[in-house]
Amino acid sequence: MENAPYTEKVIEYFQNPKNVGEIEDPDGYAKEGSPACGDMVSLFIKVDEGTHEITDIKFKSYGCASNIATGSIITEMAKGKTIEEAKEITWQKAAEELGGLPDMKTHCSVLAVDALREAIRNYEERQGIGEEKRETTLEVVRKRLRHVMNPMTGLDVIKTNLIGDIQVEDGNITVEVDLEEDHQFANAIKEDIEEKLEPRWDVEEVDVIFVGE
Amino acid sequence: MKDEIIYLDNAASSKLDEEVFEEMKPYMLDNFAVATSDFAYSMGVEAKEALNDAREKIASELGAAPEEFIFTSCATESSNLALKGVTEKLSEEGDHIIVSDLEDFPVLNTAKALEKKGFDVTYLDVDEEGFVDTDQLKESINEDTILVSIQHGNQEIGTLQDIEKIAEICSERDVIYHTDATYTFGRVPIDVNNIPVDLITVAAHTIHGPRGIGGLYIREGTPLKKQMDGGFQENNLRAGVENIPGAVGFAKAVELIDEEENERIKKLRDKLIEGMREEIPEIMLNGPEERRIPQNANITFHYVEGESITLHLDMRGIAVSTGSACFSKSLEASHVIMGIGGDHERAHGSVRFTFGRFNDEDQVEEVIEATSDIIEKLRDISPLGKEKEE
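As they're listed, the protein sequences go chains P and G.
Start counting the first sequence at 2; every next residue gets the next number (this note's numbering).
Start counting the second sequence at -16; every next residue gets the next number (this note's numbering).
Careful: at least some of the hints might be erroneous.
Claimed, not checked - Derived DSS-like pairs: lysine-lysine, alpha-carbon spacing no greater than 30 Å straight-line:
1. G:K360 with P:K94
2. G:K(-2) with G:K40
3. G:K95 with P:K160
4. P:K10 with G:K360
5. G:K360 with P:K59
6. G:K208 with G:K72
7. P:K144 with P:K80
8. G:K148 with G:K121
9. G:K249 with G:K148
10. P:K94 with P:K10
11. G:K(-2) with G:K254
12. P:K47 with G:K360
13. G:K208 with G:K148
14. P:K19 with G:K360
15. G:K95 with G:K121
16. G:K148 with G:K250
17. G:K72 with G:K209
18. P:K80 with G:K360
19. P:K59 with P:K144
20. P:K144 with P:K160
21. P:K59 with P:K10
Calculated directly from the structure, the hints in this document are not laboratory data.
It should be emphasised that the depicted structure is a prediction, and the values quoted were computed from it without experimental measurement.
Using the sequences provided together with the hints, build the complete structure.
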């Protein structure tokens, strides 16, 4: 395999991925990407509430070798670290650990790192700590929606102008989506939006309305 | 990596048959002359005879006269010559051409290039099995239409178009019809005496012939403008010193294929599909069940990604390809799977297996076993699938 685009270490992790699986009742959880637009990673963490140390971490991947290997390496890197330390893990550091990744596979590797960050954020949201102590404002909602994919393009729903009006009032959020209710991706997008907003400490209800014609 | 590779990417290119190679050798080492006129030295005359014998053999495979067949460097060149040659010659008469959504890149990207030059191009939709709608074809032809190019067999999902019907529609309306038969020549017969097709692209490397040689059937009287300026070779339609070893090899490759082999390959393909269906749950065959080219199977394995599958198979010495975006140089999902109404997910987990002369039943069994094992492993680590059960 000397001509393969992947390093030996990538192949090793691809063949024998580490920390694969799910954690029941995780303290933090994230799902990044979407099957409709390519790779997808889900990631689960258990965190010590006193020390904020990641005591257990597991991931699952619907992706290519680069994605699977990055998922393995970052979960190894994050285990035993505090959430603040784990936030410092970048895809560059993960790629370095793997002995390099092909340039065009950056996206697949970034997705795995995003999943780690989002799982930590999800933990903070649930705990109401860190940056996530902030009140859920319109601006915060828009920021969160940047993590919801538009499966038709593979880009997020904000960038692709799929989101109409957003209302935020006393923990009740209403999001208008410019799609017909029976569109093939309507349900997937609705679920993704709810998943990104509902865990926030001050959010009571999320209402997704389809306004497309 | 294993010593013996199980090669199931014969649509991409296939192993040169040693008999073909032996046939070519003298025209590289002993007779290296160009094809001269009858009045030149004997080596050149012999070379010319070898070239014309090869031409005759290949043309007769299509039921054509030798004068109706020219050699090119590859299928890409043939399709470029067909599309550009006809449109340039007939640009005064019309500016509209029709192709299908599922064409391989030589036709698809030539059509796009013509579009940039100002031609009006209709891209015909296909149904979920990859068939063009012949009613839509009829409706799309107008008084400005000068050329229709619809492939014979599809490169990825194996759909075998009804080119007889398509050719008749074109013929009745006096429109030139070109078909790309790169994936069918030798495997699925075409007789130009029964099918009123005007231009056919063929290649040698997909049927265990050499690379660097292709051909174009040109029905007598078809308007065609030469695309490369130079000498007067190939009926003054394709300039350049003839590739005589290539032509001789191409003819030998055609000669070595017979119906029995195609039947054997089809059986291997069917065995693969059947075995995969028995062993692996939640898979789907892309393309039609019946009307497909004998050497092709294309299967989507749900909840897993194609590059991961092909990489695992490669580590076990099995060579296949996938329509997943992750696998391609462009990171774009297969336009064919998207074209038949599939989504990214379907393209993402699709694997193409294409058979040739050197595959056997033992290999098929090994591939089924390996694939089943790999899919199970990948589904274990996939976040999809289970949640759908719940």
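Tested hints:
{"no.": "1", "hint": "G:K360 with P:K94", "verdict": "27 Å, holds"}
{"no.": "2", "hint": "G:K(-2) with G:K40", "verdict": "21 Å, holds"}
{"no.": "3", "hint": "G:K95 with P:K160", "verdict": "28 Å, holds"}
{"no.": "4", "hint": "P:K10 with G:K360", "verdict": "19 Å, holds"}
{"no.": "5", "hint": "G:K360 with P:K59", "verdict": "16 Å, holds"}
{"no.": "6", "hint": "G:K208 with G:K72", "verdict": "5 Å, holds"}
{"no.": "7", "hint": "P:K144 with P:K80", "verdict": "27 Å, holds"}
{"no.": "8", "hint": "G:K148 with G:K121", "verdict": "11 Å, holds"}
{"no.": "9", "hint": "G:K249 with G:K148", "verdict": "24 Å, holds"}
{"no.": "10", "hint": "P:K94 with P:K10", "verdict": "14 Å, holds"}
{"no.": "11", "hint": "G:K(-2) with G:K254", "verdict": "22 Å, holds"}
{"no.": "12", "hint": "P:K47 with G:K360", "verdict": "25 Å, holds"}
{"no.": "13", "hint": "G:K208 with G:K148", "verdict": "27 Å, holds"}
{"no.": "14", "hint": "P:K19 with G:K360", "verdict": "13 Å, holds"}
{"no.": "15", "hint": "G:K95 with G:K121", "verdict": "22 Å, holds"}
{"no.": "16", "hint": "G:K148 with G:K250", "verdict": "27 Å, holds"}
{"no.": "17", "hint": "G:K72 with G:K209", "verdict": "9 Å, holds"}
{"no.": "18", "hint": "P:K80 with G:K360", "verdict": "24 Å, holds"}
{"no.": "19", "hint": "P:K59 with P:K144", "verdict": "26 Å, holds"}
{"no.": "20", "hint": "P:K144 with P:K160", "verdict": "11 Å, holds"}
{"no.": "21", "hint": "P:K59 with P:K10", "verdict": "20 Å, holds"}
Of the numbered hints listed earlier, not one is contradicted by the structure.
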